Amino acid sequence: MIRFWVRRWRLFLVGLSLLWLGGCGHQPTVSFNEDIRPIFNERCVSCHGGVKQSGGFGLVFRENALKETASGKFAIVPGKPGQSELLKRIRHDNPEWRMPLEEAPLTNEEADLIERWIWEGAAWAPHWAYQPPREIAPEERAPHGHNLIDDYVYGRLVGKDLAPAPRAQKSVLLRRLSLDLTGLPPSPALMEDFLQDDTPGAYQRMVDSLLNATAFGERWASMWLDLARYADSRGYERDRDRSIWQYRDWVIDAFNQDLPFDRFTIEQLAGDLLNESNDNNLIATAFHRNTLSNGEGGTENEEYRVAAVIDRVNTTWEVWQGTTMSCVQCHSHPYDPIKHEDFYRSYDFFNQTLDHDHVSEFPSLITHTKVNQAKLENILGHIAIAGDGAQVQAWRDRLLLQEPRWRPHSFTSVQNAVFTDRADEDYLFVRNGAQFQPPTPDIPEVAALHLSYRARTGADLTVHLDRVDGPVIGSLRLSDRSWQSRTDVIPLTTNPGTRPIFLTFSGQEGPILADVYGIHYQPPLPDANAPATEEVREMIVQLLNTRDSVRTPVMVEAPPAMRRTTHLFVGGNWLVHGPPVRAGIPKVFSGLDQEETADRLALAHWLVSDNNPLTSRVTVNRIWAQLFGRGIVATLSDFGSQGAPPSHPELLDHLAVRFREDFAWSLKALLRYIVSSATYQQSSSIDPELYALDPDNVYLARGPRLRLSAEQIRDQMLAQSGLLSRKMYGPGVMPPQPDGLWDAIPYSGRRWVTSTGEDRYRRSVYTYLRRSVPFPGLTTFDGPNREFCLSQRTTTNTPLQALHTLNDPIFQEGAALLARELMTEFDDPRARIDGLFQRLLFRKASSLEQQQLLDLFMEARGQFQRQENQLNPEIAAMTLVVNTVFNLDEYLSKT
Amino acid sequence: MDHQSEAQIRRAALNTRRLFLRQGLLGMGGLALGTLMGCGTKTPPSSSTAASLAQAYRFAPRARRVIYLHMAGAPSQLELFDYKPTLAKLHGQDCPPSLLDGKRFAFIQGTPKMLGPQATFGQYGQSGAWVSDLLPHFQQVVDEVAFLKAVHTEEFNHAPAQLLFQTGSPRVGRPSMGSWVTYGLGSENDNLPGFIVLASGGQIPSAGKKLWGSGFLPSIHQGVQCRTEGDPVLYLQDPDGISRNLRRESIETINAINRAQYEQLGDPETLTRIAQYEMAFRMQTSVPEVMDISKEPDYIHELYGTEPGRASFANDCLLARRLVESGVRFVQLYNWGWDDHGTNRDTSLRHGLVERCKKIDRPITALILDLKQRGLLEDTLVVWGGEFGRTPMQENRGGVTMPFFGRDHHGEAFTMWMAGGGVKPGVSYGETDDIGYRGVKNRLHVHDVQATILHLLGLQHERFTYPFQGRDFRLTDVSGQVAEAIVG
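Residue numbers (numbering that gives the first Met the number 0), protein chains in the order written: chain G, 0 to 894; chain C, 0 to 487.
If you're looking for bench data, these hints aren't it; they were derived computationally from the structure. Just so we're clear, the structure is a prediction, and the values are computed from it rather than from any experiment. Accuracy of the hints is not assured; some may be wrong.
Claimed, not checked - Here are the simulated DSBU-like cross-link-like pairs (lysine-lysine), alpha carbons at most 35 Å apart as the crow flies:
#, chain 1, residue 1, chain 2, residue 2
1, C, K112, C, K358
2, G, K87, G, K72
3, G, K843, G, K169
4, G, K51, C, K112
5, G, K159, G, K169
6, C, K358, C, K440
7, C, K102, G, K338
8, G, K159, G, K667
9, C, K440, G, K51
Model the full structure from these sequences, guided by the hints.
Below is the structure:
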């Protein structure tokens, strides 16, 4: 009874306040995003969401929330709290009726908020991340701030008993800056310059010098290659080689040249679709050819092509939009306003390329040798004499990409031939008497047929017009060099135009004669009768069959005749087709004209357009996390409603707007801006009390202190011991690793052949990465195997890491080299230990450190002197001391 | 536990550490220790997941640890456990179209022929379990075992099917079963990783290392592969000339400087690093010790058929027993090569299969007997199986009959068995049709098998989740039912 009266009384009060508010110009006082959505997400959407809509009621889309529910009642009637079933149910006295079921009821405050919100019209607002970023001037002014970043950060410190930390020591600061910008510690000379330079702008000069170092691109490439899931092998069982290192080099160059991020985006997603795309633009598209491919015997290539396309969708959305699209593969998003069909609309963008999980990795860009490059220029020069620009471009594509080709899927009237799309048997196997009809040409004039095939026992091929026994218009003797892949040109005596043609094969009875990959229709060469044409024809055949070129898998859009129809996959099952869908972005976004023929290029342009609320935010957040170890949005890959809300929303938007507008997408400008802030330059020291106040350093009252990445740990040691090679680019290298790691990979003859010379000591970004057994120096320190897009490496702290830096021979080699140098440079052990600390940590050893290391040195030297085979106990003992410093927490961390 | 209280405990542990490290050296040996923290796998889950973990402990556990014997390549149930006299009668006849229509096979094309059992069967034990003469030793222990006769999977290629079994998804990226289990239950020892993998048969399984990867779980939960040749754990061995004593001195130096660093800067990660260097030091002794089977008595070698110094499945089985005895939570064995297509002698049912059975028959029997005589079988779950089964038809890739008797991949029905760890002994669960093509009674999907294993460990598979990319993931994905009938 008492409870009843309390409730009545409370309702009365709410009513009063509503009346009062109502008279006040109808200014809504309840914010959907700040007040209401968190309650819905926390308490309601697991049953009333986008997938599960119990009682026919879901709270992800407003239209679902306002419609009639299964019971015939309306849960929410805008402006009418009394008629809204939702309010009745959350306040119901009977636990069997009260929502949420079998859980604690909503608090009175929560219920009141919802009531007020309904009364005010139940306005829905898009999730914060779907609204464009806006600059809001900071409310506070940081006492010793350098730029606006510090003001925004200070604004959150106020009232939390936290204050900005003082600036880090100069030596600590430069080491941090250098590791952050270049992945390497500063050289002794650079450190000396900085320590000596007390003039204003000294720090800025360091920043510029490090931003302009070639090491910059190598360091930031490591971050991007995790997102791009770059590896030197294909994944799954056999995990064959993949030659895609030109893409890695492209990324390094793009960072070094500060390719604006919008351009960086467009080239990687759609470089092949640009007008007059060059080789570099094509190599950029290898971004999406880093998907896994499955060569296990018996696997269906279409299944793994589908898996690759799905991965391209998920990766694109994660990298640029911080959106977890993978949920939507099987059903509508449980929490975010993205529908099941939206996944397949995105899928359609990526479903139109010619790659198909084939063992050849077609289509690939051929990077010709110098000799062949000259031939190519020669051919194109010849075509340019009589042909137009489009013809030159078409021939260029043909000779660099070998596309397009009609595959056996499209052949009809097939006899005495078997097509399988399994693993490395993805060919049409032709036997004696084989015949088939390829699709009618999609160009008006066909001068020749190009047949791509894998040779077996050889065959005579004839091309017939109109009927399988129609007039012969071309013929060819196929190669019998078993297993050699070839493309041969079959000149046609009559242009078939749109008339049907048939291919027939004859040869030895019994065995397979050839494995047909596909055919291409070649238009006539312009000026076909010129004297040079015969020579040109020969060069064309040569270029189509070069073996000494570098081939990089790239994206190539299918010509209109080869386009696929995209269907929704019911329940995410690729074998169960739903209705057809066309490319487009989820309806919650705007700015991509849905009517136009949307392709990857349109998608890429939309991602970096002013209409896109996410790209800039997601990107600045990644960069921020690289420097501070934590994003302003902690969930780097999820900006949706289940992701973490930003710790500093105004700062995030400020950086996002700056990056896009003022910095015109320049990453170097963005980095310069962030590292110039006082926030970045703070000391990272903490005492336990401060630590207790903010263990994760969310509020940034101190500088970042983080364990170095796998690459940084190895590269730092190589650089400071003097082992590091600064050679850039090229195929992945194989520095020493324990024997036998690759022995056990099934069906694979590939061996880890330890590199010689300077290739043993290259930066880690050049280490060959085999997905099934990656380099231990990478994985032990949380480097990924690059199977999928990874936004954030988790940092672990394991005994295997200790064993690695203690015992990996490369750490011994580095320690020994440095020990020898210290021996020649300094006379006594104390001086050597001081020299070592200066060299590695840019500071003097403390007296405790001195004593500890000296004791260790003496003990070790004594032991080594008693060992018979120990040639130089002094050096051996110093080597152990150096390795000990390699293992210090301070050395393994950015401080 | 939150960061703060964790840091407090670490600080409290700090003072005892030096002593602890010395004790480890002074003859307590590696294996006996096991209290304080130190091993990463004992780190409690973060507070955000603690709630879901608590909910997951819904049953009293029957099993405390698992030995999982995975026969990579998929052994034929029709030659080992699933006796089909009717199939013998149909031998050599064309496969009826009803079994082929709308089906996808890895290699079979056109119309294959039916292939009768290529082994002789008998019934053994009180339970009268059917076992073929390829496993004569195993016939003696059938009363300890629960057979699952109608397991099924939708994957019919090795790598995806192995991934489905070990991670719950046919695509890479999810945590493996061993990672889930050590994440959920922690480690029982301080000197060894909680999840150890041993591979025999010359190769690792098709899906490679990701079968013991930790996916999105913290990487301390990933399986550590102990190699039987070379360093059992990478970089375990100190460089030439560094004695144990000197290694201890160097680690103590590192830790002393790190302690001073911690006192000055206050980063709790530094304390964790100190603990991990201590653990590394202990592992350098405990891992080679546990991996060294040479000191086992003769009768044990006789029982398992082990030969110290030679990599074999038998050695791995004995190692598995030693590891669980030392408190390792999850021991995963892979034995490669069970892919009997009949393309050559080594992959034929009459030759290759027979040889492989000889190599596992004694060890699997010994493992059960040995665990039992030590009282470990009660709470150690032993699981045996492949990633799918094999067709009742003879394989005919490219439409051509193979030179030897072999069978194609088949996910519709195959046999697994479990023993110990609360499993009802001497039962057979599930039935297939007359030719062993489909399960007709008590079928168990891969996710059901996983749900059952977790159940035996006291983990409720539907509540045992981990949030990642906006979704709560679990080992059994979105399905899985516990096979209550085999829980004792």
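Against the structure, the hints come out as follows:
| no. | hint | verdict |
| --- | --- | --- |
| 1 | C:K112 to C:K358 | 30 Å, holds |
| 2 | G:K87 to G:K72 | 11 Å, holds |
| 3 | G:K843 to G:K169 | 14 Å, holds |
| 4 | G:K51 to C:K112 | 47 Å, violated |
| 5 | G:K159 to G:K169 | 28 Å, holds |
| 6 | C:K358 to C:K440 | 32 Å, holds |
| 7 | C:K102 to G:K338 | 32 Å, holds |
| 8 | G:K159 to G:K667 | 33 Å, holds |
| 9 | C:K440 to G:K51 | 32 Å, holds |
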